[in-house]
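The chain contents come next:
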Amino acid sequence: MRTGKWLRVLVPGSVLMIPLWMLVVSTKTYAIPAFSRQYQTSCTTCHLDFPKLNDFGKAFKDAGFKFPKDDENFLKVPNTLLGAEAQKQVWPRTVWPGQIPGMPPIGLRMNNFFQVTGNNRNQFNALAAPGTLPQVIPRSDFETGLFSIFTAGNFGSDIAFWVDDDISVAGDNAAGGLGDGYLKFVNIGRFLKLPTDALSIRAGQFELDLPFTQARNINLSPYDIYAQANIGAISSMLSSSQNVNNQFTFADAAKGVEFSGGHNYGGYHYSVTIMNQNTSGLGQSSNASPYVPSALGGANGGLGFGSDSSFKNVYARFSYRFNLERDAESRNSVQAAGATGPRDHTYLNFGTFYLRGNSQQGFLGALANGDTRLIYAHEPYYRAGGDFSFNYRTFNLFGVYMYGRDNNLLPVDANGALMPLPVGSTTAVPVGFISSVPAKFNGGFLEADYLLLPWIMAIGRWDGVHSSADRINGLALSTSTSYFGPLRSERNRFTPGIQFLIHPNIKASFEYQFRPKQAVTVVTDPVTGVQTALNPFRVNTALVGLEFVY
Amino acid sequence: MKNQFTKSALTALFISTFALAAALPGNTLSGKVSAGKGVSVVYIEATLGKTFPAPTEHVVIDQKGLLFQPHVAAVPVGATVEFLNSDKVAHNIFWPAISGNKKLSHNMGTWPSGQKRDFKFDAPGVVPLLCNVHPEMSAYIVVTPTPYFAVTDADGSYKIANVPEGQYTVTAWHEGMKVQSKPVKVAGDTTADFALSK
Numbered sequence: 001m002r003t004g005k006w007l008r009v010l011v012p013g014s015v016l017m018i019p020l021w022m023l024v025v026s027t028k029t030y031a032i033p034a035f036s037r038q039y040q041t042s043c044t045t046c047h048l049d050f051p052k053l054n055d056f057g058k059a060f061k062d063a064g065f066k067f068p069k070d071d072e073n074f075l076k077v078p079n080t081l082l083g084a085e086a087q088k089q090v091w092p093r094t095v096w097p098g099q100i101p102g103m104p105p106i107g108l109r110m111n112n113f114f115q116v117t118g119n120n121r122n123q124f125n126a127l128a129a130p131g132t133l134p135q136v137i138p139r140s141d142f143e144t145g146l147f148s149i150f151t152a153g154n155f156g157s158d159i160a161f162w163v164d165d166d167i168s169v170a171g172d173n174a175a176g177g178l179g180d181g182y183l184k185f186v187n188i189g190r191f192l193k194l195p196t197d198a199l200s201i202r203a204g205q206f207e208l209d210l211p212f213t214q215a216r217n218i219n220l221s222p223y224d225i226y227a228q229a230n231i232g233a234i235s236s237m238l239s240s241s242q243n244v245n246n247q248f249t250f251a252d253a254a255k256g257v258e259f260s261g262g263h264n265y266g267g268y269h270y271s272v273t274i275m276n277q278n279t280s281g282l283g284q285s286s287n288a289s290p291y292v293p294s295a296l297g298g299a300n301g302g303l304g305f306g307s308d309s310s311f312k313n314v315y316a317r318f319s320y321r322f323n324l325e326r327d328a329e330s331r332n333s334v335q336a337a338g339a340t341g342p343r344d345h346t347y348l349n350f351g352t353f354y355l356r357g358n359s360q361q362g363f364l365g366a367l368a369n370g371d372t373r374l375i376y377a378h379e380p381y382y383r384a385g386g387d388f389s390f391n392y393r394t395f396n397l398f399g400v401y402m403y404g405r406d407n408n409l410l411p412v413d414a415n416g417a418l419m420p421l422p423v424g425s426t427t428a429v430p431v432g433f434i435s436s437v438p439a440k441f442n443g444g445f446l447e448a449d450y451l452l453l454p455w456i457m458a459i460g461r462w463d464g465v466h467s468s469a470d471r472i473n474g475l476a477l478s479t480s481t482s483y484f485g486p487l488r489s490e491r492n493r494f495t496p497g498i499q500f501l502i503h504p505n506i507k508a509s510f511e512y513q514f515r516p517k518q519a520v521t522v523v524t525d526p527v528t529g530v531q532t533a534l535n536p537f538r539v540n541t542a543l544v545g546l547e548f549v550y
Numbered sequence: 001m002k003n004q005f006t007k008s009a010l011t012a013l014f015i016s017t018f019a020l021a022a023a024l025p026g027n028t029l030s031g032k033v034s035a036g037k038g039v040s041v042v043y044i045e046a047t048l049g050k051t052f053p054a055p056t057e058h059v060v061i062d063q064k065g066l067l068f069q070p071h072v073a074a075v076p077v078g079a080t081v082e083f084l085n086s087d088k089v090a091h092n093i094f095w096p097a098i099s100g101n102k103k104l105s106h107n108m109g110t111w112p113s114g115q116k117r118d119f120k121f122d123a124p125g126v127v128p129l130l131c132n133v134h135p136e137m138s139a140y141i142v143v144t145p146t147p148y149f150a151v152t153d154a155d156g157s158y159k160i161a162n163v164p165e166g167q168y169t170v171t172a173w174h175e176g177m178k179v180q181s182k183p184v185k186v187a188g189d190t191t192a193d194f195a196l197s198k
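As they're listed, the protein sequences go chains U and P.
Just so you know, my numbering puts 450 at position 450 of the first sequence, and the rest follows in order with no gaps.
Just so you know, my numbering puts 154 at position 154 of the second sequence, and the rest follows in order with no gaps.
The shape of chain U in the complex, shown without the other chains (with noise of 0.2 Å):
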């Protein structure tokens, strides 16, 4: 029996935040307010359960924040000209003549949580160190969302921008930070003779092209698998372990340029995304040089970088949805034309996608000769999958299948041996890294959306994730892990929930999950030193939302 005193040394307060943490990262969740202003109509034009579009709201968000057609016919609000229309024929003598909303476009969101957690809770204070006391985790809780604002909308010749922000976090000022912030060049595929909306340019900071998104998800808890970074397994009990520390994650944003094309709405959609690496989850403002300048240093200093290597990663994505309507005018129409009014398409929609890294850690070694220097390892790495979604009125069931590996390779000292992982100071330095056993993991989601009524919405939903590596590093506590003493590799999570729209911007939220099992009670195999979890339990937690837009 192994209920070792390393078991103790942790805080078994930061499992238990993981609801929390989960509450943080799942609310980048958005509809914008500032479009029904600006068109006097309501939150449903565009969404069935907000943020969720309807093939409206996608094809409005293809068209760059328009309507796909007769747009200044709708806008109740008129945009302001930033230079006559007749200006254009002065070009280039002049500025090519924008406009900007005739309002701020600004929407502003807040949200509470009330949260149950099972007894099971309590479980963890067997970890707290001798002497010490646990933290103590409340039964129920009244939690603090987020207060975000948001604004979005056209500059004129098909520019459109999104930017948001969440202005305080959990009741702390500013602690949220950038959401999404970028300029979209929409259909800029014309000025090349390209057929219509066959090349839009997207630049700055936003969520990449998921196939479903995190950033618009009806959920409070996001997809896991979208949060899974790749953390190789470090165990002494292993004869192997794996010197990889991808913090990248699916939720992050991007940081780079999207080319894009096709619509969301039927019909094919591609992208392309050119953007920073960054693996070792490092902050922009803190990846900074006192000697180089960064964006507006002047000497030195500035914003700091957002990349932790000169690699850029690659992300691409093809999707292409089949309308079912056997009409063609109403298969090829933004919305069906249903037999009681337009509606979402009934459709079947494929896709894949693909992202290439190369990792990048780097460790002070050492030449041949004895002298230190700066040695990196340059790990590749790929994510790829696919999903599926399937709509029939309104009813929804889509998934992702996701597999990720990374490159292993293992820090050798000047004999050719082995290290010890992790390195550290206390250590030899490496001189070079030999390719071992890559990390990977697998997993996905599988999700079923139904429309009870127009403002009652059902849900159904599984994760899973299977990483051999999570489970070793969270029996042998070597890394810092979510998953404390897990049960096994494949981390599952039930999660049915119900939704209610008490207005059209105020929506009432309920999820239950089901969690994985996990343990405090950690035994070792003396003979092959394999270690497994004994007297397992679940960590379910009930979690109710009350969110407004305005």
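Calculated from the structure, these hints are not laboratory results.
Be aware that one or more of the hints could be misleading.
[Claimed, not checked] In silico contact screen, one side only, chain U against chain P (beta carbon under 7 Å); selected entries:
id : residue
1  : T41
2  : S42
3  : K69
4  : P78
5  : A339
6  : T340
7  : P342
8  : T346
9  : F350
Note that beta-carbon positions come from the ideal geometry of N, C-alpha and C, so glycine has one too.
With chain U fixed as given, assemble chain P onto it according to the hints.
Below, chain P without anything else, positioned relative to chain U:
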């Protein structure tokens, strides 16, 4: 010669009679409806046993710029309304009831931009028009039991011309206000004002 004189005299009498009839004003009912913002509808309720032919002219209600235009219309029973979609987005028109009678609810479905769909209103009452994809859109058709009706101007003034002399019940309707009816004896130029409240 005598016959010719007689013919001329009769012709002159005939013409002058019609000219006089045309020049004479009929009974009019006019007044003002005080009900706040927007227009109201004033109409004369049905008289027992009296029927009227259905009008041949169609009234058009347009959907343009995510608005019903006009917002309030009045038609007599038996009238046909043409619903036009001038927007380049999909629309729908339905009404959940007519004057609260849910059995008279109807959904017009979907039709392409630039096209119309007709509907003949055979029952009097207030028809609240809605669009099930743009819930902020609304309009009203007041289907009146007689052809004696008027939609007020923005100030609330109305005038119903050519009303046969008699004793009637006159009703005023305004969006969001309580309907008000009152007995009015129409003879010559008659005035009836209404003050509606919620």
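Inset, instruction - Provide an ascending list of the numbers of those earlier hints which the structure does not satisfy. - result: Checked against the structure, the hints that fail are numbers 4, 8 and 9, while the rest are satisfied.
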